[in-house]
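Enquirer: Sequence:
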Amino acid sequence: MAFQAWFGSDSVAPAEAPSAAAELRPNVPAPFNPTIETPVVGAGTYVDRMASVIGHVEIGTGVFVAPFASIRGDEGQPIHIGNGSNVQDFVMLHALETFAQGKLVEKNLVTVDGKKYAVYVGSNVSLAHQSQVHGPAAVGDNTFVGMQALVFKAVVGKNVVIEPGAKVIGVTIADGRYVPAGKTIAAQSDADALPEITGDYPFAKLNEGVLHVNHEFADGYLAASGSAGSHASSPAPGGGSGH
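Just so you know, we're using our numbering here: the sequence shown kicks off at 28 and counts up by one.
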């Protein structure tokens, strides 16, 4: 049975221009993911040829995926990356299995706006170098996930800053909070006590600058590749065909 019956992955605008350079590949069939899916990439998105994007992955418009990023929708799925976000060098997106014995594994899914995901990354999110978001997990809009940070079995709100090396495990973080560098937040009481981002917080505007740079990267590398639309073409959702 096609997974779209549950997941409804029809929200990403199709790309406009094909290219064989980007590493977009279908998953291999397995008991936990029997349907073959090929990543769907929105217009104006650049996926570097040294990145790897596999399986049931939805990438929105205007996204920059840097060299050596790995986005694997071959176990837990789908993985969603919203418009205008960036996935920097050596970032890992993966998830625990979401399908077993013909049924969804609900505990390994997050629900956002009525749809189920293994990993959900909102719009205008920055995933900095070597960070990991391992599903089940959701990261809200306009959030910065710092270098070598980890988000696992967690829901991170909007306008959050996770400083470098921090770990967020098994908790929900409210909008507008920050996680100090190197801290492990694995108890909800600790998550609830996180400080709010105020005007004097030194990283309050960090994500704005990071987004600006990576939007320019997406546009620049697309122009250099000779593509007016996207670095990879997209099949119709559920088509399961390669490029």
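Keep in mind the hints are simulated off the structure, nothing from the lab. Every value quoted in this text rests on a predicted model; they were computed, and no experiment measured them. Where hints are given, some of them may not hold.
[Stated by the list, open to error] Subject to a maximum C-alpha distance of 25 Å in a straight line, what follows is the list of computed DSS-like cross-link-like pairs (lysine-lysine): (1) K185 - K130; (2) K142 - K180; (3) K210 - K130; (4) K130 - K180; (5) K194 - K180; (6) K142 - K210; (7) K210 - K185; (8) K210 - K194; (9) K180 - K210; (10) K194 - K134; (11) K232 - K210; (12) K130 - K142; (13) K142 - K185; (14) K232 - K185.
Enquirer: Failing hints, ascending?
Expert: 1, 3, 6
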